[in-house]
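Asker: Here's the letter readout for the chains.
Number of protein chains: 2
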Amino acid sequence: MIKARIVVTLKNGVLDPQGKAIEGALGTLGFSGIGSVRQGKVFDVEVEGEDRDKARAELAAMCDKLLANTVIENYSVEIA
Amino acid sequence: MIKARIVVTLKNGVLDPQGKAIEGALGTLGFSGIGSVRQGKVFDVEVEGEDRDKARAELAAMCDKLLANTVIENYSVEIA
Chain U
5 MIKARIVVTL KNGVLDPQGK AIEGALGTLG FSGIGSVRQG KVFDVEVEGE
55 DRDKARAELA AMCDKLLANT VIENYSVEIA
Chain Z
5 MIKARIVVTL KNGVLDPQGK AIEGALGTLG FSGIGSVRQG KVFDVEVEGE
55 DRDKARAELA AMCDKLLANT VIENYSVEIA
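Protein chains in written order, with my numbering: chain U, 5 to 84; chain Z, 5 to 84.
Keep in mind the hints are simulated off the structure, nothing from the lab.
Treat the numbers as computed from the prediction; the structure is a model and nothing was measured.
Every residue gets a Cβ at the ideal spot worked out from N, C-alpha and C, and that includes glycine.
Short derived list, chain U residues pointing at chain Z, Cβ under 10 Å:
| id | residue |
| --- | --- |
| 1 | Val11 |
| 2 | Ala59 |
| 3 | Ala65 |
Dumping the calculated DSSO-like pairs for lysine-lysine here, alpha-carbon to alpha-carbon at most 30 Å:
| id | chain 1 | residue 1 | chain 2 | residue 2 |
| --- | --- | --- | --- | --- |
| 4 | Z | Lys24 | U | Lys45 |
| 5 | U | Lys24 | Z | Lys69 |
| 6 | Z | Lys7 | Z | Lys69 |
| 7 | U | Lys15 | Z | Lys15 |
| 8 | U | Lys58 | Z | Lys45 |
| 9 | Z | Lys45 | Z | Lys58 |
| 10 | U | Lys15 | Z | Lys24 |
| 11 | U | Lys7 | Z | Lys45 |
| 12 | Z | Lys45 | Z | Lys24 |
| 13 | Z | Lys45 | U | Lys15 |
So the derived label-pair ranges between C-beta atoms look like this:
| id | chain 1 | residue 1 | chain 2 | residue 2 | range |
| --- | --- | --- | --- | --- | --- |
| 14 | Z | Glu52 | U | Glu54 | 41 to 47 Å |
| 15 | U | Glu54 | Z | Ala64 | 31 to 37 Å |
| 16 | Z | Glu82 | U | Leu33 | 18 to 24 Å |
Whenever a hint applies, use it, and build me the whole structure from the sequences.
Answerer: Structure below.
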């Protein structure tokens, strides 16, 4: 069993209204000195088998097909 | 300027219908051997200043107050 973490983040230049809202809310709560906030998604996936290279390729395919919108998002795959 | 990444994940035992739906969708797409999928959130935050300990404390306070629901979620703060 291989445990992997996929992090999907918006590409630079893509507007992130959710992040902006969080920035505003943090300001309202009294946190100062916040430069910027960008929100993304994280997926913790368990893949059967022990072949790390195969798992990495499969996880990248999952990102391309389902988990990330590669027009506006980047993804990274970390295998524990 | 300190760049930090906050990862918020559901605690073990908390149901994750979104993750379950992704698991099902991956199966439908032909990916086999997926053990489980759990979805979480990631926040990339820029904090002004250079004091890493202060930033870490402030980021933990942000998680407790706004970014995470500590009843059902865990968070981790990584400073780049």
